[in-house]
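2 protein chains.
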Amino acid sequence: MPGRKLFPTKYGHFSPDGREYIIVNPRTPRPWINVISNGDYGLTISQTGSGYSWRTHAQLNRLTRWEQDLLKDDWGKYIYITDENGRSWSAGWKPVGGDPSDYRCRHGFGYSAIESTHYGIRTVLTVFVPNDEPCEVWMLELHNLSRRKRRLRLTTYLEWCLGAAPDWHREFHRTFMETEYDKTANAILARKRLWEIPTARGHWNANWDYVGFHGSSRAPRSFDTDKESFLGRYGSPRMPAALDKATLAKRVGKWLDPIASLRNDITLMPGESRTVCYTLGAAGSQEEAGTLARKYHSLAAAERSLAAVRERWENLLGTVSVRTPDPALDLMVNRWLKYQAIAGRLWARTAYYQTGGAYGFRDQLQDSQVFLPIDPGRTREQILLHARHQFKDGSVYHWWHPITEIGLHNNMSDNLLWLPFVVANYLAETAEDALLQVRQPFLDSGEETATLFDHCHRAINRVWERRSPRGLPLIGAGDWNDGLSAVGLDMKGESVWLGHFLHRILLDFAGIAARIGDHARATEYRGRADVLCRALNEEGWDGEWYWRATKDSGEKLGSKENTEGRIYLNAQTWAVLADVAVGARSEQVLNAVEQ
Amino acid sequence: MPGRKLFPTKYGHFSPDGREYIIVNPRTPRPWINVISNGDYGLTISQTGSGYSWRTHAQLNRLTRWEQDLLKDDWGKYIYITDENGRSWSAGWKPVGGDPSDYRCRHGFGYSAIESTHYGIRTVLTVFVPNDEPCEVWMLELHNLSRRKRRLRLTTYLEWCLGAAPDWHREFHRTFMETEYDKTANAILARKRLWEIPTARGHWNANWDYVGFHGSSRAPRSFDTDKESFLGRYGSPRMPAALDKATLAKRVGKWLDPIASLRNDITLMPGESRTVCYTLGAAGSQEEAGTLARKYHSLAAAERSLAAVRERWENLLGTVSVRTPDPALDLMVNRWLKYQAIAGRLWARTAYYQTGGAYGFRDQLQDSQVFLPIDPGRTREQILLHARHQFKDGSVYHWWHPITEIGLHNNMSDNLLWLPFVVANYLAETAEDALLQVRQPFLDSGEETATLFDHCHRAINRVWERRSPRGLPLIGAGDWNDGLSAVGLDMKGESVWLGHFLHRILLDFAGIAARIGDHARATEYRGRADVLCRALNEEGWDGEWYWRATKDSGEKLGSKENTEGRIYLNAQTWAVLADVAVGARSEQVLNAVEQ
Numbered sequence: 002m003p004g005r006k007l008f009p010t011k012y013g014h015f016s017p018d019g020r021e022y023i024i025v026n027p028r029t030p031r032p033w034i035n036v037i038s039n040g041d042y043g044l045t046i047s048q049t050g051s052g053y054s055w056r057t058h059a060q061l062n063r064l065t066r067w068e069q070d071l072l073k074d075d076w077g078k079y080i081y082i083t084d085e086n087g088r089s090w091s092a093g094w095k096p097v098g099g100d101p102s103d104y105r106c107r108h109g110f111g112y113s114a115i116e117s118t119h120y121g122i123r124t125v126l127t128v129f130v131p132n133d134e135p136c137e138v139w140m141l142e143l144h145n146l147s148r149r150k151r152r153l154r155l156t157t158y159l160e161w162c163l164g165a166a167p168d169w170h171r172e173f174h175r176t177f178m179e180t181e182y183d184k185t186a187n188a189i190l191a192r193k194r195l196w197e198i199p200t201a202r203g204h205w206n207a208n209w210d211y212v213g214f215h216g217s218s219r220a221p222r223s224f225d226t227d228k229e230s231f232l233g234r235y236g237s238p239r240m241p242a243a244l245d246k247a248t249l250a251k252r253v254g255k256w257l258d259p260i261a262s263l264r265n266d267i268t269l270m271p272g273e274s275r276t277v278c279y280t281l282g283a284a285g286s287q288e289e290a291g292t293l294a295r296k297y298h299s300l301a302a303a304e305r306s307l308a309a310v311r312e313r314w315e316n317l318l319g320t321v322s323v324r325t326p327d328p329a330l331d332l333m334v335n336r337w338l339k340y341q342a343i344a345g346r347l348w349a350r351t352a353y354y355q356t357g358g359a360y361g362f363r364d365q366l367q368d369s370q371v372f373l374p375i376d377p378g379r380t381r382e383q384i385l386l387h388a389r390h391q392f393k394d395g396s397v398y399h400w401w402h403p404i405t406e407i408g409l410h411n412n413m414s415d416n417l418l419w420l421p422f423v424v425a426n427y428l429a430e431t432a433e434d435a436l437l438q439v440r441q442p443f444l445d446s447g448e449e450t451a452t453l454f455d456h457c458h459r460a461i462n463r464v465w466e467r468r469s470p471r472g473l474p475l476i477g478a479g480d481w482n483d484g485l486s487a488v489g490l491d492m493k494g495e496s497v498w499l500g501h502f503l504h505r506i507l508l509d510f511a512g513i514a515a516r517i518g519d520h521a522r523a524t525e526y527r528g529r530a531d532v533l534c535r536a537l538n539e540e541g542w543d544g545e546w547y548w549r550a551t552k553d554s555g556e557k558l559g560s561k562e563n564t565e566g567r568i569y570l571n572a573q574t575w576a577v578l579a580d581v582a583v584g585a586r587s588e589q590v591l592n593a594v595e596q
Numbered sequence: 002m003p004g005r006k007l008f009p010t011k012y013g014h015f016s017p018d019g020r021e022y023i024i025v026n027p028r029t030p031r032p033w034i035n036v037i038s039n040g041d042y043g044l045t046i047s048q049t050g051s052g053y054s055w056r057t058h059a060q061l062n063r064l065t066r067w068e069q070d071l072l073k074d075d076w077g078k079y080i081y082i083t084d085e086n087g088r089s090w091s092a093g094w095k096p097v098g099g100d101p102s103d104y105r106c107r108h109g110f111g112y113s114a115i116e117s118t119h120y121g122i123r124t125v126l127t128v129f130v131p132n133d134e135p136c137e138v139w140m141l142e143l144h145n146l147s148r149r150k151r152r153l154r155l156t157t158y159l160e161w162c163l164g165a166a167p168d169w170h171r172e173f174h175r176t177f178m179e180t181e182y183d184k185t186a187n188a189i190l191a192r193k194r195l196w197e198i199p200t201a202r203g204h205w206n207a208n209w210d211y212v213g214f215h216g217s218s219r220a221p222r223s224f225d226t227d228k229e230s231f232l233g234r235y236g237s238p239r240m241p242a243a244l245d246k247a248t249l250a251k252r253v254g255k256w257l258d259p260i261a262s263l264r265n266d267i268t269l270m271p272g273e274s275r276t277v278c279y280t281l282g283a284a285g286s287q288e289e290a291g292t293l294a295r296k297y298h299s300l301a302a303a304e305r306s307l308a309a310v311r312e313r314w315e316n317l318l319g320t321v322s323v324r325t326p327d328p329a330l331d332l333m334v335n336r337w338l339k340y341q342a343i344a345g346r347l348w349a350r351t352a353y354y355q356t357g358g359a360y361g362f363r364d365q366l367q368d369s370q371v372f373l374p375i376d377p378g379r380t381r382e383q384i385l386l387h388a389r390h391q392f393k394d395g396s397v398y399h400w401w402h403p404i405t406e407i408g409l410h411n412n413m414s415d416n417l418l419w420l421p422f423v424v425a426n427y428l429a430e431t432a433e434d435a436l437l438q439v440r441q442p443f444l445d446s447g448e449e450t451a452t453l454f455d456h457c458h459r460a461i462n463r464v465w466e467r468r469s470p471r472g473l474p475l476i477g478a479g480d481w482n483d484g485l486s487a488v489g490l491d492m493k494g495e496s497v498w499l500g501h502f503l504h505r506i507l508l509d510f511a512g513i514a515a516r517i518g519d520h521a522r523a524t525e526y527r528g529r530a531d532v533l534c535r536a537l538n539e540e541g542w543d544g545e546w547y548w549r550a551t552k553d554s555g556e557k558l559g560s561k562e563n564t565e566g567r568i569y570l571n572a573q574t575w576a577v578l579a580d581v582a583v584g585a586r587s588e589q590v591l592n593a594v595e596q
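Protein sequences, first through last, are from chains A and B.
Numbered per the working numbering, the first sequence spans residues 2 to 596.
Numbered per the working numbering, the second sequence spans residues 2 to 596.
Warning: the hint list may mix true and false statements.
One copy or two, either will do: identical chains are not told apart, so a pair holds if it fits within one copy or between any two.
[Claimed, not checked] Cut-off 30 Å, straight-line C-alpha distance, at most; resulting in silico cross-link-like pairs (DSS-like, lysine-lysine):
1. Lys6 / Lys184
2. Lys251 / Lys296
3. Lys11 / Lys251
4. Lys255 / Lys184
5. Lys246 / Lys150
6. Lys393 / Lys184
7. Lys493 / Lys246
8. Lys255 / Lys296
9. Lys493 / Lys251
10. Lys251 / Lys150
11. Lys255 / Lys393
12. Lys493 / Lys6
13. Lys184 / Lys251
14. Lys246 / Lys184
15. Lys11 / Lys246
Treat the hints as calculated values from the structure; they're not laboratory data.
Make a model of the complete structure from these sequences and hints.
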């Protein structure tokens, strides 16, 4: 059914092949964004054209300034178009926010495109991140739909961040930035002499290690890197003072409030089309910045890079697909959920609502299971990365920052168990028992390494050792329900859910140990599983399920005796129970969930 | 000379009596602000009417949202005025930023007033913080200068922060806020169930301890606390959607992006004037919020509070004055420098460029000396407060946060010495040697206390013990020049400046010890001063001053042998040298500085 709109609402629909989500009204209830990343460089882009860019870590190494505001959504990297009558609009809707005669935002796998028409000029702005290059490309197609010759000024605009975000002490930080214009690359370069991240010696008087660049495929007629001359004093990106000027101020150097703006003048005959290509990136050196900027002076190079991005995603997402009676389920499971898990969760680790950049010990291990049916080698890499972020006592960094390797070592009680959980699932998928013998260090072991099997054992053992007098695991600073971050800080509170989780892992690892010939450990794990099962059934179960009680009679929590044990039987627990067998009563659990 | 403009520039001038700085053009080169505080509650206000408010700590307990941006200066608490023709402007210029037919911003002691005229309506917006109340008052006078009856809508607007700033994770934090409208108080109330500051148990699941309120002296016709209905989706404070509506949406409760907006309708006959009074504050309870909001239903109460503010400042600033041949010096020394030291540095501890709220061990001790000729009891209070933020080993918190009492304990090498330095200056001014016997605890001493003399000794002794093999003090993580924060981290680098400073303090405390009969210590201090003096003269002086060399011959640092010892002879050192006698050569130093 070519041309059919899949799952249409008043704001948008999927494309007929399901490979794009197409927004047809820029005023969506909240910003609807695409998180685009190649695993190192990344950006977010909303249907208004707003968003931010980073390399490696979206908070420690953010390239452009941005403020979270779901209502205004007015921070980003923008292109203004001004016509011969002095009318200005934005290629991506914001910040000018006019009334385009048509508008579509197409979020695809690895790219977004915003199409709009203003005053007879149609533009298509396609934004993507090339595979394996620390930059993004903006391809701006312009089509003159009117019957007269049109003279257009194109003006780009972004504010440099060049390091840690949020840069709430921005007026201090900007004094460490310096810009220049590289004529051979048609590009503005930006550097910073301060990076507010801790160094090995404990201070943060370090250089930002990169060279920011913003280039154009056409030699700009003028440029500016000074926000004051660009916006005008007390001005606003909604309508910068510079749009009224024939040329930009060409200010570069130190002590500015540094931005990047390039100006191209374009003349289009009636019916004529042209494309201009812009780059933005964080290179490792001035040479690399120039190389990347010059590469995309070629529109053909940009087209090839975009095709390569599409191909990579097709290879990743096209590996396994299901067909069910529910086409919505197929659409989400076959491509979109996988895309979001990989691009948003594993590679970018940031978005709009929660801006991040760190690795969560639990989060990215969980998420990496998306690769099990696609490319299990990537799950394996994630397992080994997380194993290296474990301590010798089995505890782990709850999260850690790439770049600084600083992490949070807390009493969260479930995070460490996700290592054996995901290892068991990896083995179930791949049967690669040899992985258990791969050696990795601990955070506090120096050069000393241990097998992955030992890493898993230490995690299991640590949770086992931290049980209450009646044999239930302690919840500590929270379990999978990490909103319960204060109930167990005194190491008294228990988690029934954590008991279920540990029980499943003990059984799995009893099987694994038996399979690799470690019968002592297999016996130990089975014995522990039995002990835990009894404690769970005696202390965490009174023969009557809370949700049934509330469902059937409307009773509230606490209205019956002995309800403490049931506090963790929440939605998360139900989801996991469906996957966890608790001894003889597992069938009951599954039946309950299925109903 | 009544009416004479003192020290006029194109942007402004002092009032004839020197008690106000009057800005005549809202487009000053950068925001020119007044930091207004009563010692607990405070606000900043720029000549555009922008700024933020807080109680006790401008970062941990900020009442309203604000983003630092010296060019846009577009965050604040605003009043819109809309006339019968639908034209809107701002009582303080921003955010509408129109072209008033006249404009003046008068920054005074404890208040600011912005006067402007738009379309025949003259407004005077006077903003102040009452003495000893946790709130601010906005008195808005309206004058109809036109010849016809005018119907005006007044609409206030602010975004709640209610806790820690920057609230970069704002979309998470806003979900913990709740608003309501208290009809009897003509006021919006706002609460928050999360305060991202550490509690005694180490987590931050704590309530915000206050009730925010925003009230009006006239019963509002309508109100709103929802940014979405007020601004409109993807709207902007420059021209909110609500200004076009006859009534505001009256949305209150949870899950909003919470703001406060009150709407009053006012009719003014030709020549008629009216005043409306608004409050904003952070009360300790709903009852206190209501009491304060209702108090300022009375314009007379507001006038009385403003008069009391003026009186307090007159009492503080009018105590001592100098008359010199330079009226600019007199103007600054007699009132403005004292005002800024007290309001900005001691009470508010925040501003525009550097937003703060903490106490710097060094900073506020230094600043408290402003009170020595005015009200030395306040210097005394500051001395005792800082003594309580010292450790038993003599080291101190480099800074600490009121509210949480969390501090930074680092290897900065000069901070601790400011305690004996300021004590010596206090004694020189007051001769109150009894202060030395007042007992205070240390941070790590529990109930155990020690005399202030002992506190001072421990500071002196610690710096004395941390000297290099050649007898110069170690610079550690920086001395008074705290930009040199990495050169001495390995505890090898030396500070000649710190030696000068310690030498002066040793001599002062030798005299103090002798005066109070502690002759052993007096002898010890004098002996140490002699040893230090020899080391300084031998290792930190080569008979030729760097600044003279560069002044006379244009030589650069590093162009001569043995320049390492001279690196600290910078502008700060010169300023201190004028005040520090280094043994026999002090006269040379003073001569050099005087030239």
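Comparing the hints with the structure gives:
1. Lys6 / Lys184: neither (46 Å within a copy, 50 Å between copies)
2. Lys251 / Lys296: within (24 Å within a copy, 56 Å between copies)
3. Lys11 / Lys251: So Lys11 and Lys251 pass the 30 Å test across copies only (27 Å; inside, 44 Å).
4. Lys255 / Lys184: within (18 Å within a copy, 54 Å between copies)
5. Lys246 / Lys150: within (21 Å within a copy, 42 Å between copies)
6. Lys393 / Lys184: Neither: 54 Å inside a chain and 61 Å across chains, both beyond 30 Å.
7. Lys493 / Lys246: neither (68 Å within a copy, 56 Å between copies)
8. Lys255 / Lys296: Intra 28 Å, inter 51 Å, cutoff 30 Å: intra-copy only.
9. Lys493 / Lys251: neither (64 Å within a copy, 46 Å between copies)
10. Lys251 / Lys150: For Lys251 and Lys150, only the intra-copy Cα distance (28 Å) is at most 30 Å; the inter-copy one is 51 Å.
11. Lys255 / Lys393: For Lys255 and Lys393, neither the intra-copy (48 Å) nor the inter-copy (45 Å) Cα distance is at most 30 Å.
12. Lys493 / Lys6: neither (55 Å within a copy, 71 Å between copies)
13. Lys184 / Lys251: within (12 Å within a copy, 56 Å between copies)
14. Lys246 / Lys184: within (21 Å within a copy, 52 Å between copies)
15. Lys11 / Lys246: between (39 Å within a copy, 25 Å between copies)
The structure is inconsistent with the numbered hints 1, 6, 7, 9, 11, 12, although it conforms to all the rest.
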